[in-house]
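Engineer: The lines below spell out each chain.
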Amino acid sequence: MSDRVKQGNTSTEDMQKNISASTSEGTVPRAQKGTTKPLNISRRTFAGLTATAALTALSGIALAGCQGTGEKGGSTLRIGVASLSDVDALDPASASTTGGYIFANQVFDTLTAYDTTGVCAPRLAESIVQGAEADTWTVTLKDAKWHNGDLVTADDVVYTVQRWFDEQLPPSESLSYIDAAATTALDEKTVQFTLSQKVVLFPEALTSPLCGIVPQGFDPQAPVGSGPFCYDMVDPGVQMVFTANKDYWGVVPQAGELVITSFTDTNAEASALIAGQIDVAANFDSTLVSLIEGAEGYEIFDYPTSGALTWAMNCFKEPFADPAVRQALRLAVDRQEIVDNVYGGYATIGNDFWSPFDPHYTTSLPQRAYDPEAAKKLLEDAGYDLPVKVDLWGAPNQPTSDRQNEIIVEQAKAAGFEIEFHKVDMATFYGEAYGTYPLSLSYWGYLGIFEQAAMTITKDAPYNSTHWSDSEYDALYQQAIQTAGFNERKALVEKMQAIEYERGSYVVPIFINTLVAHSSKVGGFMPYPNTDGALGYNFNLLTIS
Amino acid sequence: MKNAGYVARQIARRLATGIAMLFVVSIIVFFCTQALPGDIARQVLGQNATPEQLANLRVQLGLDRPILVQYAQWLWGMLQLDPGVSLASRTPVASLIASRLTNSLTIVGIAFVFVVVLGYGLGILACRKPGGIVDTVVSGIDHFILSLPEFVVGIIVITLLAVGALRLFPPASIIDSRYPAWQQPELLVLPVLCLVLVATPHVLESIRTLLREELESPAVVWARLSGIGEGRILMRYALPNILAPSLQVVAASVNFLLGGMVAVETVFAFPGIGSALVSAVSTRDIVTVQAIAMFIAVVMVVALMVADIIGDMSMARVRTKEDGQ
Chain A
6 MSDRVKQGNT STEDMQKNIS ASTSEGTVPR AQKGTTKPLN ISRRTFAGLT
56 ATAALTALSG IALAGCQGTG EKGGSTLRIG VASLSDVDAL DPASASTTGG
106 YIFANQVFDT LTAYDTTGVC APRLAESIVQ GAEADTWTVT LKDAKWHNGD
156 LVTADDVVYT VQRWFDEQLP PSESLSYIDA AATTALDEKT VQFTLSQKVV
206 LFPEALTSPL CGIVPQGFDP QAPVGSGPFC YDMVDPGVQM VFTANKDYWG
256 VVPQAGELVI TSFTDTNAEA SALIAGQIDV AANFDSTLVS LIEGAEGYEI
306 FDYPTSGALT WAMNCFKEPF ADPAVRQALR LAVDRQEIVD NVYGGYATIG
356 NDFWSPFDPH YTTSLPQRAY DPEAAKKLLE DAGYDLPVKV DLWGAPNQPT
406 SDRQNEIIVE QAKAAGFEIE FHKVDMATFY GEAYGTYPLS LSYWGYLGIF
456 EQAAMTITKD APYNSTHWSD SEYDALYQQA IQTAGFNERK ALVEKMQAIE
506 YERGSYVVPI FINTLVAHSS KVGGFMPYPN TDGALGYNFN LLTIS
Chain B
39 MKNAGYVARQ IARRLATGIA MLFVVSIIVF FCTQALPGDI ARQVLGQNAT
89 PEQLANLRVQ LGLDRPILVQ YAQWLWGMLQ LDPGVSLASR TPVASLIASR
139 LTNSLTIVGI AFVFVVVLGY GLGILACRKP GGIVDTVVSG IDHFILSLPE
189 FVVGIIVITL LAVGALRLFP PASIIDSRYP AWQQPELLVL PVLCLVLVAT
239 PHVLESIRTL LREELESPAV VWARLSGIGE GRILMRYALP NILAPSLQVV
289 AASVNFLLGG MVAVETVFAF PGIGSALVSA VSTRDIVTVQ AIAMFIAVVM
339 VVALMVADII GDMSMARVRT KEDGQ
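If you read the protein sequences in the order shown, they are chains A and B. Each position in the first sequence, counted from 1, maps to that position plus 5 in my numbering. Each position in the second sequence, counted from 1, maps to that position plus 38 in my numbering.
Chain A on its own, in the form it takes in the complex (with noise of 0.2 Å):
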């Protein structure tokens, strides 16, 4: 697990304002919407069945637009990821590691999803149109079908919504801002959303795969959703099987079933992938390329992403209470020899503030350089005796963590700084004293410039680990998201990052690429730079030869 939290992201001006579906498919071709049934079961005859969700799953009928599992025909995909957890919800709402993000986008369909350029697009909704002001929305489906045969509906959308609320589920607190009695349907497609204040990037706030949309009634023990795959089994931390929903609106998978294992070792993943036991291994560590390149018939896939992993500076803590001790640690790290060293090349040099596939981005900046002795001299104007002790906490939440580490502890020696680094798992890590550590290294991204200052930078923001304050950068912040013109708020941004650029809390040295190993019989990968995971786990776009 790690302390990303999914949420909206920021987008263009013309996108916030009227996202269609002529923006939605980027560039994934969008398929025939499900002409074939391969398996007909009428509705009456399935309400026959009586049917909750859970007896036709046990009882091994297939839903109406799923392959069934004892079809042939279908070739199976063999997925490896790191790692499944005993702790995976089958409740997209209640979403929390990486199996869960994976069943979620598998089994169900978010309203909105960023696509291959890292832009927010509609995914089930056809439109997504702002009212009169940023506090009503008009969201207007998809002809989709539920796994059950049944038609994705605006009252289903409702039902989601009021069901976050009713049920305290982890949406309602992340999108406060919904008024869930008063979001209402106004005929079988169109939904209506209200809002307590205007939030001018709402559709990116519907990307989360934690706001997938579940139909009325729905069973988590037995989940229906419209997303490309059905559910079929999970073996909680071991294994998750789907089928192909062959009446999907979108992309309709080519494989007929998929198949996820679970490896808490990443060279045993790559033995596997190499042993022709699975066909694609999902974030993939970038030691082991060698290995893949060495071998006939298989191949990586990369791209960047905006995923970081930071080094959090605790400003309740000693020495990181200076600005002019942060500013020396930024300036103690060699971000092009972490590129080099850790990633083997496939990660990108940061500039200590985030979200580079945010259109708000600054480029202006100039590209902070390894400098040990202008730090040196940074510590000693400030008055410390060199060297500067400083503790490190660090868990494997990504598999570089550690090496990450490791090299920081060596590159800062130069800089004066003693880093004393205490390595330990994640449960300890994100226990009780999370928050309390003088430097950590944490794993963030995937989020745009507002989200990310919403949850980790503000004064009031609830991961703001390192506990840094700053009057200007929270006021700058307030004033640019009610901004409505872009030109403006990019305005804004650029003084906002500007000040994490001159005495902000976090190291952001690099971001990481999304890197896939898998048999060259396997193609369609797209990139997802502002998605978690390999291809932002849109599996279904994948094809086997």
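Just so you know, the hints here were simulated from the structure itself, not pulled from any lab data. Every residue, glycine too, gets a C-beta built ideally from N, C-alpha and C. Warning: the hint list may mix true and false statements.
These stretches of chain B come out as covered by chain A in the derived footprint (C-beta under 8 Å, 3 or more residues) [said to hold, decoys possible]:
| id | region |
| --- | --- |
| 1 | 174-188 |
| 2 | 307-318 |
| 3 | 321-331 |
Calculated Cβ distances over 12 Å to all of chain A for the following chain B residues [what the hints assert, rightly or not]:
| id | residue |
| --- | --- |
| 4 | Pro104 |
| 5 | Pro168 |
| 6 | Gly192 |
| 7 | Arg205 |
| 8 | Ile213 |
| 9 | Ser255 |
| 10 | Gly269 |
| 11 | Ile348 |
Following the hints, complete the assembly by docking chain B onto the known chain A.
Structural biologist: For chain B alone, kept in the frame of chain A given last:
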């Protein structure tokens, strides 16, 4: 009659010791898992959980009760063979680990048979000519494997038989969860092989030592002088005499198999109770950790008890013989 009483007393004593041992183990397992830093609520709800949500979940899971009350309720559940409900998936632990248990018992069971056969077979072969080629080779390999940690044995096996020049078996045991493990035999070969490699040397070493001592005993020397052939000496004199102590060794080998299981399952991504234990520790699903740890402890204690009781009974036989003289 006198000996029957002795055996009964010994068995009662062993049982009492076993129960006391399990009670101590239960205290260690329960309180050590409680002491792990970090907790399940954070793992279930993720980093975007508010303190109120975390507190609510802890109440729902009963983690807010006094620790001794939690221990008493847990122990009472264990005595009724109800290990409780998994904190992670909120389903009964028993049903959660049932298929994992079947998988683990499959590989451990198969490995056990091989360990016994190979342990006795190679032990006897090596003793036929002490210092000979067979003896030297067997003891060389034996000591080499004994010096390696289990996971290293796993990696060597994968390198030699799965990903190197010889790609005879799949390197990962991706068991299709919809079918029992024994229906997917090709995926069991390497984990079983590793378990056999890890546990056999312990049995083999003991059998060799026992046999060698026996073959140097006055009775065997006398038999040899009487012109009785080596084969007959082995089968008629030596083997029957080491049977009871060697069965103790065999029972103890269960412990090596269970210990090796945790490492081997992790290396091969094999879905058994060993890997379930590792993942339950990482998610702080302490109810599942406690259930699996106690299960392994019970099996180990029972195996040791059986070994001790076999020993007691053979002692009783010796006493009978002595009494009869």
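Engineer: If a hint holds in the structure, say so; if it does not, say that too.
Structural biologist: Against the structure, the hints come out as follows:
{"no.": "1", "hint": "174-188", "verdict": "violated (count 0)"}
{"no.": "2", "hint": "307-318", "verdict": "holds (count 7)"}
{"no.": "3", "hint": "321-331", "verdict": "holds (count 4)"}
{"no.": "4", "hint": "Pro104", "verdict": "holds (19 Å)"}
{"no.": "5", "hint": "Pro168", "verdict": "holds (41 Å)"}
{"no.": "6", "hint": "Gly192", "verdict": "violated (10 Å)"}
{"no.": "7", "hint": "Arg205", "verdict": "violated (7 Å)"}
{"no.": "8", "hint": "Ile213", "verdict": "violated (8 Å)"}
{"no.": "9", "hint": "Ser255", "verdict": "holds (49 Å)"}
{"no.": "10", "hint": "Gly269", "verdict": "holds (45 Å)"}
{"no.": "11", "hint": "Ile348", "verdict": "holds (38 Å)"}
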